[in-house]
Amino acid sequence: MINCLLRLQSIFMIVCLVLMAGNARAATPEQTTFTFKVPSCVGTKSATAWIGNRVVVMIEGETPSSRSATTMNRVLNILDAMDAKFVEFSGLSNLPMQSSYRGLPVIEIVVDNCGYGGLAYHGTRGMSTGKVLFDEIYNAANSGGNAIHQVFLYETARNFYLTRFNNKFDWVMNDNSSNWGWWTVGFNNAQAVMIPTSLNYELLYYGQSLAQFREGMVSKFEYYLNNTQYNFDNTWRKDRLPWRQQSSVNDLMTGMIIYSYENFGGDAWIKQVYRYLESNVVSDRSSRTSYQECRDNVYKIWSLSADRDLVNFFERDMRWVISSSAKSWVSNRLGNNGGDNGGGDKEGISPKSGTVLQTSQVNFTWDYDGDYHWMYVGTTAGGTEILNSQQISTKSLTVSNLPKSGTIYVRLWSQNSGNWAYQDFTYTMNVGDVVVPPIDGILPREGTVLTSNSVEFKWDIEGDAHWLYVGTSAGSTDILNSGGEFTAKQYTVSNLPNSGSIYVRLWNKINNNWAYNDYTYTMSVDNGGDNGGDNGGETCRWVLQSGNALDIGAFQDIIYVVGTDNYLYQSNGSNGFTLVDNTMELKRVDVGQSGVWAVSTDNRIYQYVNNAWVYRKGIGVDIAVSNNVYTIGSDGKVYKYLGDGWSRAYGTTLGTDIAATDDDRPWIRGTDGYVYQWLGSRWDKKGTLKIKDIAINAAKDEFVVVDENNSIQKYIGSGSYEVISGAGSRISITSDSKLWTVTSANKITNYTCDMSNLSSSARVRGTEETLFDKVTFYPNPVNNGILNIKGLPLNKDATISISNLQGQVIYNKNTTTSEIVSLYLNENSLPKGIYILQIEMLEEVITTKLKVN
Numbered sequence: 001m002i003n004c005l006l007r008l009q010s011i012f013m014i015v016c017l018v019l020m021a022g023n024a025r026a027a028t029p030e031q032t033t034f035t036f037k038v039p040s041c042v043g044t045k046s047a048t049a050w051i052g053n054r055v056v057v058m059i060e061g062e063t064p065s066s067r068s069a070t071t072m073n074r075v076l077n078i079l080d081a082m083d084a085k086f087v088e089f090s091g092l093s094n095l096p097m098q099s100s101y102r103g104l105p106v107i108e109i110v111v112d113n114c115g116y117g118g119l120a121y122h123g124t125r126g127m128s129t130g131k132v133l134f135d136e137i138y139n140a141a142n143s144g145g146n147a148i149h150q151v152f153l154y155e156t157a158r159n160f161y162l163t164r165f166n167n168k169f170d171w172v173m174n175d176n177s178s179n180w181g182w183w184t185v186g187f188n189n190a191q192a193v194m195i196p197t198s199l200n201y202e203l204l205y206y207g208q209s210l211a212q213f214r215e216g217m218v219s220k221f222e223y224y225l226n227n228t229q230y231n232f233d234n235t236w237r238k239d240r241l242p243w244r245q246q247s248s249v250n251d252l253m254t255g256m257i258i259y260s261y262e263n264f265g266g267d268a269w270i271k272q273v274y275r276y277l278e279s280n281v282v283s284d285r286s287s288r289t290s291y292q293e294c295r296d297n298v299y300k301i302w303s304l305s306a307d308r309d310l311v312n313f314f315e316r317d318m319r320w321v322i323s324s325s326a327k328s329w330v331s332n333r334l335g336n337n338g339g340d341n342g343g344g345d346k347e348g349i350s351p352k353s354g355t356v357l358q359t360s361q362v363n364f365t366w367d368y369d370g371d372y373h374w375m376y377v378g379t380t381a382g383g384t385e386i387l388n389s390q391q392i393s394t395k396s397l398t399v400s401n402l403p404k405s406g407t408i409y410v411r412l413w414s415q416n417s418g419n420w421a422y423q424d425f426t427y428t429m430n431v432g433d434v435v436v437p438p439i440d441g442i443l444p445r446e447g448t449v450l451t452s453n454s455v456e457f458k459w460d461i462e463g464d465a466h467w468l469y470v471g472t473s474a475g476s477t478d479i480l481n482s483g484g485e486f487t488a489k490q491y492t493v494s495n496l497p498n499s500g501s502i503y504v505r506l507w508n509k510i511n512n513n514w515a516y517n518d519y520t521y522t523m524s525v526d527n528g529g530d531n532g533g534d535n536g537g538e539t540c541r542w543v544l545q546s547g548n549a550l551d552i553g554a555f556q557d558i559i560y561v562v563g564t565d566n567y568l569y570q571s572n573g574s575n576g577f578t579l580v581d582n583t584m585e586l587k588r589v590d591v592g593q594s595g596v597w598a599v600s601t602d603n604r605i606y607q608y609v610n611n612a613w614v615y616r617k618g619i620g621v622d623i624a625v626s627n628n629v630y631t632i633g634s635d636g637k638v639y640k641y642l643g644d645g646w647s648r649a650y651g652t653t654l655g656t657d658i659a660a661t662d663d664d665r666p667w668i669r670g671t672d673g674y675v676y677q678w679l680g681s682r683w684d685k686k687g688t689l690k691i692k693d694i695a696i697n698a699a700k701d702e703f704v705v706v707d708e709n710n711s712i713q714k715y716i717g718s719g720s721y722e723v724i725s726g727a728g729s730r731i732s733i734t735s736d737s738k739l740w741t742v743t744s745a746n747k748i749t750n751y752t753c754d755m756s757n758l759s760s761s762a763r764v765r766g767t768e769e770t771l772f773d774k775v776t777f778y779p780n781p782v783n784n785g786i787l788n789i790k791g792l793p794l795n796k797d798a799t800i801s802i803s804n805l806q807g808q809v810i811y812n813k814n815t816t817t818s819e820i821v822s823l824y825l826n827e828n829s830l831p832k833g834i835y836i837l838q839i840e841m842l843e844e845v846i847t848t849k850l851k852v853n
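Using UniProt numbering, the first residue of the sequence shown is number 1, and each one after it goes up by one.
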């Protein structure tokens, strides 16, 4: 049976994913011995091969039981989709394989990737990275998300960027003949935006979302456009940006490619760019110093791919000098219905590219020049599973056996003077009565930050009826299921959360067929909580600071954060933060006796000295500072700074986050999520609690963590932890025991007293001091499976959860408060023992211990 899931994705295209139940391959693990080809330092090792439909994930040192087959199936679906999209974009479906297994290209996941974040070759399939970065995809998939780490996109982009592409327009920088190859990197990073955008996936990049990563690249290009003192000679011929020496020119190139993708045709545009890079329609430039030819070729390829003359964009907006001969060439190409084959006006073929075809047999005609022609027709760009015509001399061809639905790709080759070049065309099949219109729009726009718990959604998407889901994961209905179809093109959704992401699925009914489109929004609702006030009196409470952050570091009374713009800020002492430096983009920060240390967005380790960043010749993913400085390298291993370099690795246990003590015994979050301490010769596991982050007050031997549910727990010894009030995603602690956190919504909070004052029932982010004073819980201990909560503010939205001492949520309820809220607890899921009850409402969190008899 064919289960065809129709999903609206862009204004021009309808993507129909046809899943054949008989052919879909589940995640299949095989224990094997494998010679790792991409990282040269690994060699032949025992490994587990997880086999997908298009790629194989080969994991060094693991067995089939090391990972969940269900989660790995989702991971393989994500990586299969990524692979298919690269083939679609590039048209390169038959590249040789550097690394293969059972006839499929291999993504190699290794313990030590020879010290690199990722490795790959140009023009041959296969890439490698470490387990730390792979686990980010795995963990996201395990939570139900579709997300790809940037390293997989960047390295796979290398595979599909042939070295000969450089011959079109790559040039040398700084007049140094050995300083070239920057456009390759520009395309690699651009694909980290374009591929997820086309697939509607999220990006994983050291705390940055897809939107943030994209903004970091495009903003540099837009800065160039808006500042007319910069031009080709003083900017594009230099390997560092003149206004920001820490950023290289490939960032500018990435921003330009993404900008062009968004403004000149999206998927269709980038597909054509690759076609012209590969073909000989645009001649190669003479040399890497032929700057005029390089500029002209970029202009030619961009214009032909957009199917319009972009001379104003290049000359007026980008301030590039374009030759008159190049402008005439483009004008002639676009003005003669295609001219000399391979990439001219798409009107030169009938039916026109983009047409919806309603019959399974279609006669194609064209007026491109050529002594001979050759046609491919398939379900992927360059595919031939529907037709491979062989050489013909006519300018028409009838194609039969076209599918009833989905997208087909026509590649028309034309030969002139013995040289072959091709043009690609795309069509949507609709044989029958299924007609799905393009997306016209929804308000608020996808990606909007919503600041109210009640939002009216409006849309102008066609449909006889609609149906709405809203939830905290894609396709879920834990916030809303409209409960039936309706004809209005608007719907007000209430009870939205204060923070986090929400997912809206809008179903549209057309000719009795349902199709949907997904939208994602970020919630940031301030319900009047205390955003400051006096934090120095006798009242101990959590205070919400102004500003937003990605990471935080605290020492004595010195507090630094990495803002959501990736710049460094310092606490101003008045519940806010002041910009310190905007010359370096950061992702991690810590502060200690040796000052401020940070990890940049490109994983380099820096120290802030005399108002300037000093590179400390290291690569890492996290940093910790006490009287020593430690990092977790890109290989996941722990290293200590020695003053002129870094130590040998501390053992073989891998981590993602690190905290430092004064006795050379750092603590880490392992890649498995557990806490480990270095004991001088080995790593010692500290219990079974899984965490997100860890912080240490070395002066008082205080250890605090943020668990996987964003609750704060303190280590009390012997592998045990105790929940204390507060919430966060990143955490730090001062030498006088003050806690600071960055929440999952990037809010900054701090506790105004010594953490010893925190109990498991203390208030968090207090509003009115008496708001929860009269809350009681009875009976406690619970004897009959019923717990009553009395004294909560009335008619307010609340989330009530119960967790075991390992941090696992085993009861969760969204409710509207009344005079008495009763919880009916299943004794099978809550056996006798001690639990943590947590109530979230009105921007507050209260917790208490609960005993079940």
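Everything labelled a hint here was simulated from the structure, so no lab data went into it.
In this text, all values refer to a predicted model and were calculated from it rather than measured experimentally.
Please note: incorrect hints may appear among the correct ones.
List time: in silico DSS-like cross-link candidates among lysine-lysine, alpha-carbon distance up to 30 angstroms [unchecked claim]:
1. 404 <-> 509
2. 271 <-> 327
3. 640 <-> 790
4. 714 <-> 849
5. 796 <-> 458
6. 404 <-> 352
7. 685 <-> 738
8. 851 <-> 790
9. 489 <-> 458
10. 832 <-> 790
11. 849 <-> 692
12. 617 <-> 37
13. 509 <-> 489
14. 738 <-> 700
15. 813 <-> 790
16. 395 <-> 271
17. 738 <-> 714
18. 685 <-> 45
19. 700 <-> 714
20. 813 <-> 714
21. 489 <-> 685
22. 832 <-> 851
23. 395 <-> 458
24. 714 <-> 685
25. 714 <-> 617
26. 509 <-> 352
27. 700 <-> 640
28. 489 <-> 690
29. 738 <-> 832
30. 790 <-> 714
31. 714 <-> 640
32. 395 <-> 352
33. 692 <-> 832
34. 692 <-> 640
35. 685 <-> 700
36. 796 <-> 813
37. 700 <-> 690
38. 327 <-> 404
39. 271 <-> 489
Results for each hint:
no.: 1; hint: 404 <-> 509; verdict: holds, 20 angstroms
no.: 2; hint: 271 <-> 327; verdict: holds, 22 angstroms
no.: 3; hint: 640 <-> 790; verdict: violated, 52 angstroms
no.: 4; hint: 714 <-> 849; verdict: holds, 15 angstroms
no.: 5; hint: 796 <-> 458; verdict: holds, 26 angstroms
no.: 6; hint: 404 <-> 352; verdict: holds, 19 angstroms
no.: 7; hint: 685 <-> 738; verdict: holds, 26 angstroms
no.: 8; hint: 851 <-> 790; verdict: holds, 17 angstroms
no.: 9; hint: 489 <-> 458; verdict: holds, 6 angstroms
no.: 10; hint: 832 <-> 790; verdict: holds, 23 angstroms
no.: 11; hint: 849 <-> 692; verdict: holds, 22 angstroms
no.: 12; hint: 617 <-> 37; verdict: holds, 28 angstroms
no.: 13; hint: 509 <-> 489; verdict: holds, 12 angstroms
no.: 14; hint: 738 <-> 700; verdict: holds, 12 angstroms
no.: 15; hint: 813 <-> 790; verdict: holds, 16 angstroms
no.: 16; hint: 395 <-> 271; verdict: holds, 24 angstroms
no.: 17; hint: 738 <-> 714; verdict: holds, 13 angstroms
no.: 18; hint: 685 <-> 45; verdict: holds, 26 angstroms
no.: 19; hint: 700 <-> 714; verdict: holds, 13 angstroms
no.: 20; hint: 813 <-> 714; verdict: holds, 26 angstroms
no.: 21; hint: 489 <-> 685; verdict: violated, 55 angstroms
no.: 22; hint: 832 <-> 851; verdict: holds, 8 angstroms
no.: 23; hint: 395 <-> 458; verdict: violated, 48 angstroms
no.: 24; hint: 714 <-> 685; verdict: holds, 16 angstroms
no.: 25; hint: 714 <-> 617; verdict: violated, 34 angstroms
no.: 26; hint: 509 <-> 352; verdict: holds, 28 angstroms
no.: 27; hint: 700 <-> 640; verdict: holds, 22 angstroms
no.: 28; hint: 489 <-> 690; verdict: violated, 44 angstroms
no.: 29; hint: 738 <-> 832; verdict: violated, 35 angstroms
no.: 30; hint: 790 <-> 714; verdict: holds, 29 angstroms
no.: 31; hint: 714 <-> 640; verdict: holds, 25 angstroms
no.: 32; hint: 395 <-> 352; verdict: holds, 15 angstroms
no.: 33; hint: 692 <-> 832; verdict: holds, 28 angstroms
no.: 34; hint: 692 <-> 640; verdict: holds, 22 angstroms
no.: 35; hint: 685 <-> 700; verdict: holds, 21 angstroms
no.: 36; hint: 796 <-> 813; verdict: holds, 14 angstroms
no.: 37; hint: 700 <-> 690; verdict: holds, 24 angstroms
no.: 38; hint: 327 <-> 404; verdict: violated, 42 angstroms
no.: 39; hint: 271 <-> 489; verdict: violated, 34 angstroms
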